[in-house]
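The listed protein sequences derive, respectively, from chains A and B. So in my numbering the end of the first sequence lands on 1613, straight run, no missing numbers. So in my numbering the end of the second sequence lands on 1241, straight run, no missing numbers.
Take the hints with a grain of salt, since some may be wrong.
For lysine to any residue, the following SDA-like pairs were computed, each having C-alpha atoms within a straight-line distance of at most 25 Å [unchecked claim]:
| no. | chain 1 | residue 1 | chain 2 | residue 2 |
| --- | --- | --- | --- | --- |
| 1 | B | LYS957 | A | GLN778 |
| 2 | A | LYS568 | A | THR880 |
| 3 | A | LYS1253 | B | ASN807 |
| 4 | B | LYS957 | A | THR1261 |
These are computed hints drawn from the structure, not numbers from a lab.
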Amino acid sequence: MEAAHRAAGDGCETMKKMKCKKILRIMKFTTLIMIVCLAQVSAITRAQINLDERKAPLQKVLKAIGKQSGYGFIYSTDDLKGTNLIDIKLNNGTVEQALKLCFDGQPLVYEVNDKIVKIKRKTEPSFLDNIIARFKAIDVKGRVVDQEGKPLPNASIQVKGKSAVTNTNSEGEFEIKGVDEDAVLVIRYVGYKQLEISLKDAVMPLEIKLNVATGELEEVKVVYKTGYQDLNKERSTGSFVQIDNGLLNRSVSTNILDRIYDVTSGLNYQPNTSIARSPITIRGISTINGELKPLIVVDGFPYNDYNLESINPNDIESVTVLKDAAAASIWGSRAGNGVIVLNTKKGKYNQQTKVAFTSNITQGAKPDLSYLPVMTAAQSIEVDRLRFKTGEFDVFDDVYTSIDYFPALSEVVELLLAVRRNSITQAEAEAKIQELTNNDVRNDIKNHLIQNTINQQYSLNISGGGAKMNYFGSVGYDNNKSSNIGDNYNRLTLRLENAFRPIENLELRAFISYTQNGASSKGSYFPNFIPDGRNPISSYSALVDQQENALTIPFVYRSAYVDKLSIPGLLNWQYKPLEELQNVNNNNKINDTRIGASMSYQILSGLKANVQYQFNKTLTNGQNEHGGESFYTRDLVNQFMYTNNGVNIYPIRRGSIIDYQNFDQDSWNIRSGLNYDKKWGNHNVTSIIGFEASESDLNQDIYRRYGYDPETNTFNTQVNYESQYNIRASGGGTSVIPNRDSYSGTLSRLRSYYANVAYTYNERYTLSLSGRQDGANLFGVRSNQKINPFWSAGLAWNLSNEKFYNLAFLPYLKLRATYGYNGNIKSDATVYPTITSGSLSGLTGLPQADLTTPGNPSIRWEKVRVLNLGLDIQTRNNVISGSLEYYHKDGLDLISNINNDPTAGFSVYTGNNASIKGQGIDVTLNSINMNGHFKWLSNLLFSYNVEEVTAFDQAPTVVTLFQSAPYIGKPLYSLYSYKWAGLDPLNGDPRGYIGDKISPYNTVVGSTSGVPNTKPEDLIFHGRLNPSYFGSLRNTLLYKNISLSFNIVYEFGHYFRRPSIRYDNLFSNWGGHSDYALRWQKPGDEKLTNVPSLPATPIVSRDTFYERSEILVEKADLIRLRDIRLSYDINKVATTTSTFQNIKIYLYASNLGLLWTANKKGIDPDFGSFNIPVPRTISIGLNLNF
Amino acid sequence: MAIMKSYKYYSTLTLVIASLFVGCKKDWLEAKANKNQSVPTTLSDFQSMLDFSGLVMNVNSFALGEIAADGHYVTEAAWTSATTSASRNAYTWSLNTPYLDLDTWRDTYERVYYSNVVLNGLSNYLIKNELEIETYNNIKGQALFNRAEAFHMLSQLYAIPYNKTTSETDLGIPIRLSSDVTEKSTRSSVEQTYNQIIKDLLEAENLLPLTPIYPTRGSKPALYGLLARVYMTMNDYENCLKYADKSLQLRSELLDYNSKSQNANFIGGFNTNPANPEILFHMTMYTSEISGFLTTNYLVDQALYNQYHPDDLRRVLFFRNNANGTKSYKGNYFNSTTNMFTGIGTDETYLMRAECYARMGNTVAAMNDLNSLIKKRWRNTVVFVPFSAINPEDALSKILIERRKELIMRGLRWSDLRRLNVDERFKQTLTRTIGGVNYILEPGSYKYTFPIPNDILDYSGMPQTPGW
């Protein structure tokens, strides 16, 4: 039923198009295009025929038809002799249908002419007939496109009844010579409905539109866009992941990359990059000091990842991820971490105007502060009292100490001190302390510093085209309110792209895009008020009083000093966190403008020349204003203010301090090349060759202005940065006025030559080769001149196309193998010796310059060697499809410090000397579990990735290993710990081992005559910091127009260090981890707990030993419910009266939390204990197409 | 059709132009990537590098040789408590592992590297105008002079003593002339080593000025002094005479020690007021790991001390009497108690010319030069009786004694021991006793060449000096 509807619809559309065609012809356009559909039917006779015959002679049936329809039949009875008997059953059929059934398989032909049917014998074609046929033969030209008008390369075209098959080229075009003008073409394409077209009356060139076979059940994508060319999946050898528009729009985000996490095979996303890792890695890491991020490409040109927020995700049509050497090596020196190619939406030729509108609103919960395990108010007070008792604060009895140094003390300590100097009574103090016991600063944070997030996104685009031009234009607006009060983000994007075909074979394209990003904040960052020991605040601190008035908390200086201060002219020195919100204004604006143009010209059949150019200007203006009333400004003014002969002097003038950060980046890219695509017989060649160059010039101007006066709009232009001033409350320190001015810049230039060729024989065997040579100004003359190419070679075998292949259950089976080299970059390696100048020689007073780095003229690109073996399958009816890939990915010539022969003049220099060996498996499985009215689809991604350092010149030490330094034979980022020997039963001190001997912590971390007691090999190696197994399972349930899908992600095989109490932090910042409650307190506790006792004075090495002990290491394995999406589609069919072609309404919920994790302590390993997991969000969205 | 042709033409043309665009500009990829990275490119950059005097360019010479030479001793306690093996080994002419004397080697080659970076930079430098030529030449001369000085110093420690008959095959030092740190080091022959030193100096001859702004920079008189010194270590007295004479033609002023206070802790350097006029080129020996051996722990042999005549001011200006009766050295040509002067002075050029005259048979000229010097050392309250010699041989031996006395602790004694060993008249055997062990250094011993530190051999694969 549904199919019938669709067929009818297609028919109507076709009729419309044909009318169009006539108009176009009248207007004498040179190119005429005709849309032909299978369901095309000519004049329909309304007579209804009913037949029910079994083994009936033809003559009898014809008579019956004549009777019912009024048609007459002309034939010779001889001709009817020996014809087949007919079985026919027809209810309310047409004459045509009846005739077709009657003559099917008969040795007869018939011709209908005004209700007269002439019948005659089929004749073998005579010699003359063949000659005539030759004259009747025509050349067929055309193009095969999908529903959206995008070309379908390598679609097969067969003349019905002939064995030869022609394929379309990368533009979807084909040409068949000498076809009978009455012939019927059969067009086939995987994932699309087969189409038959009669050439009779067809107008050349044909524009053939294919419909997707059965909606979402079929594999839709087939073309990989590498940024240089479009590759047919059938003929590709490399490892690609294609994310189509549907999948991209499954999730809701401001940033495009957020939409490919957890749906891309081999891509791992780590939200918490506490160690030097990239949040996003493709097939692991194969560098030590080099770039870690994948290369991002937009429409063929690399994009600065820091500027990625300038892309409106709604402008992106699809994403292709290039993973192995064959796929990525065309990107040469920057492909080592994989390449993410973003393809923007385009207009299409001969397409009616289409408008699409998207809007969504996302609401996020407040960060869950109760996730953070901090000490209670009572516990903090307890510690304060204990420390007070030990006499630690006796030095603070005198508020105005002789040393002019007044570090902040916690509120309780101040109260106790006040009692002792009789400022308040014991009872008053106790009452106040009792009040504090009921506080939890997290409540104040929750009520005054954080909020629910609201992200709004709107996008409108319009596209269409005529025969000679097409266009796409879009406008997008985002407005995000972050969970930190005062933080806002908005973005406006505009994009316009046009394509022209002014003459045959020439296409010109031009685009312009503009993005304006604005981020603002009030400078308050709520995690800074969490009493976790890292911030100077107690659990019992309060930010507001009962009446919601902002309160003072001790900050930098002790309250007793600040409160009593009575120096005339000195500004108030108190700190009220909530008032800061009114006094700080941070704004950051990014304006990104891109213009580009390209030209492609078909020189010969199959040979095309291309030139592409893009210019980009990005201006970033940051402005952080510390208002005149902000603590920052008041503090600086007070520190420097002094009195001279009774006159107050302000070296730092009152008024706002504004920090400016202006980045100005100009970059351009140019590329020119030739494409050659040709098919002859069983041979098919796709190739490109070209040249490209790019330059990016970035200048950063950072400066500060003091003493801004909004009344007069002036700054203090006479700041004295030279003089040393005595600094108030610094213990006698002096300082110059902080000077933040700096000017810096980078210039990167890249020049490359590239070539890529793929040859396919007989649709079975494909050989691909690619090569690229890069030069950059990051490297020395020697490296740039040396031919040091990146290359790849690949083979693919479409086994299922072989004649001997007969696995009916597995109609598609392809094997792939590639090998080659990609590159990677480390931008701060020095080719030339660099000097530090500015100082004067102590001997002569002459200006002197120190050679700081020796430079290395031989420095060159890091190399990533990739071997990829792949298998693609598809079972019958696509029930299961997917791929399995095994790879080796080795980082070679990695840039690191190298110990060198001191004879050279430098004992350490930077060069290409380290290496990493990596390997892994990527599995993608898509299955159709149920396929009826109710459909159930699953997509499983599984990845395995491990690596090991194989060469590194710098020997590790215990200290560097705790900072995850490379260690030969171990994963790149590993977790080590001290072996734990329990707590000392005497005093609750942590203990470890020296050899087999239980030893105190200070022996374990200490040294004997300069040699550390613990050596790197004595540490426990737990394993990796990033997962070795990861992936996702996405299930989609479809019923009628409702679709429900949810994505579960998992990570296994890694470890993390769980935080616990650090007493040194507790002593300096009055807060800490709730493990405090579990601490050792009396002998015997060591049997129950591993938390060390509270020491009398902080001992950093004791806390550090405990922090780095094995007892705090946990497995990080987890399973997470990433998101759920529910959507409802309203099609045009359902509401024919509406102007909308399609309406989609959806609900999307994400960050739904852990389903399971290996640790049983309620810690989300992705965030640890001191970072709050990203709150849950829920979005509601609407897409309209009309 | 015409249009199509022209499009074909234009597209091809665009391709060609685009390719040429970058292809033409050869230095397009040479631009500095990090604009704040200071790559030395200007003449003032190069001069500033050569003026990095206090830590690299005018320090770290000859210390090991001075420790190994005679005329002084350290106490057994001081020897034992030395923090590294380098000084202990140098003092006892031994190779007790771990022998990690990287400091001297590394720091001196760092000086070579600075010079190489400057020379390499200069070779790529385009002189902008006439005025720059002189500055350019001056800097180039300084770099060559510095490199030669460093090579010569290294050759006195690590190259086999010069012997004309075997110098082609004797192991010299690695000669590094490139600013590429990745280049592999190889040991040259002794002949090659000295050839390079002389080549650098001769090239610098016409580049250096007569008078430098400060004697931390090379100058013509200093260059001739260094050339004389080099030829002297090669036992080539003809050339030594030639250059010592050239140097003295340009600078011959001497310091009258009568102008110095007897309580002074130093004689005074180029940067003291008044400046020491004898200094042609300033250089000091200092390495952290061996400093104690040459400063606080350095005790002068009583026998040597006794050779100084009571009317010889050096007896009081060079030595400090310690409470326990031992003598320490304080005659530094620089105001420092740790950085001992090893540069070139006119006193040295006088002594070199005197020695050469004596060796050439010119007794009168030899004694004239000697007396010119000694006169300035003699107490002016007494009448100075000029030294006299009955024949050249007598003159030579007197000059050598005065040379040792004048140039004490100047880093030259080790070189003198090396060259004088081949002469039956002056060869001597040195002995030391530490911890009941007697150490002997015989004339012509392989021990006159320091072993190359093991790390260096491991890195470079160069051969160790035979014997070690």
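- Message: Under the constraints set out in the numbered hints, which ones does this structure not fulfil?
- Response: Numbers 1, 2 - these are the hints that the structure violates, sorted from lowest upward.
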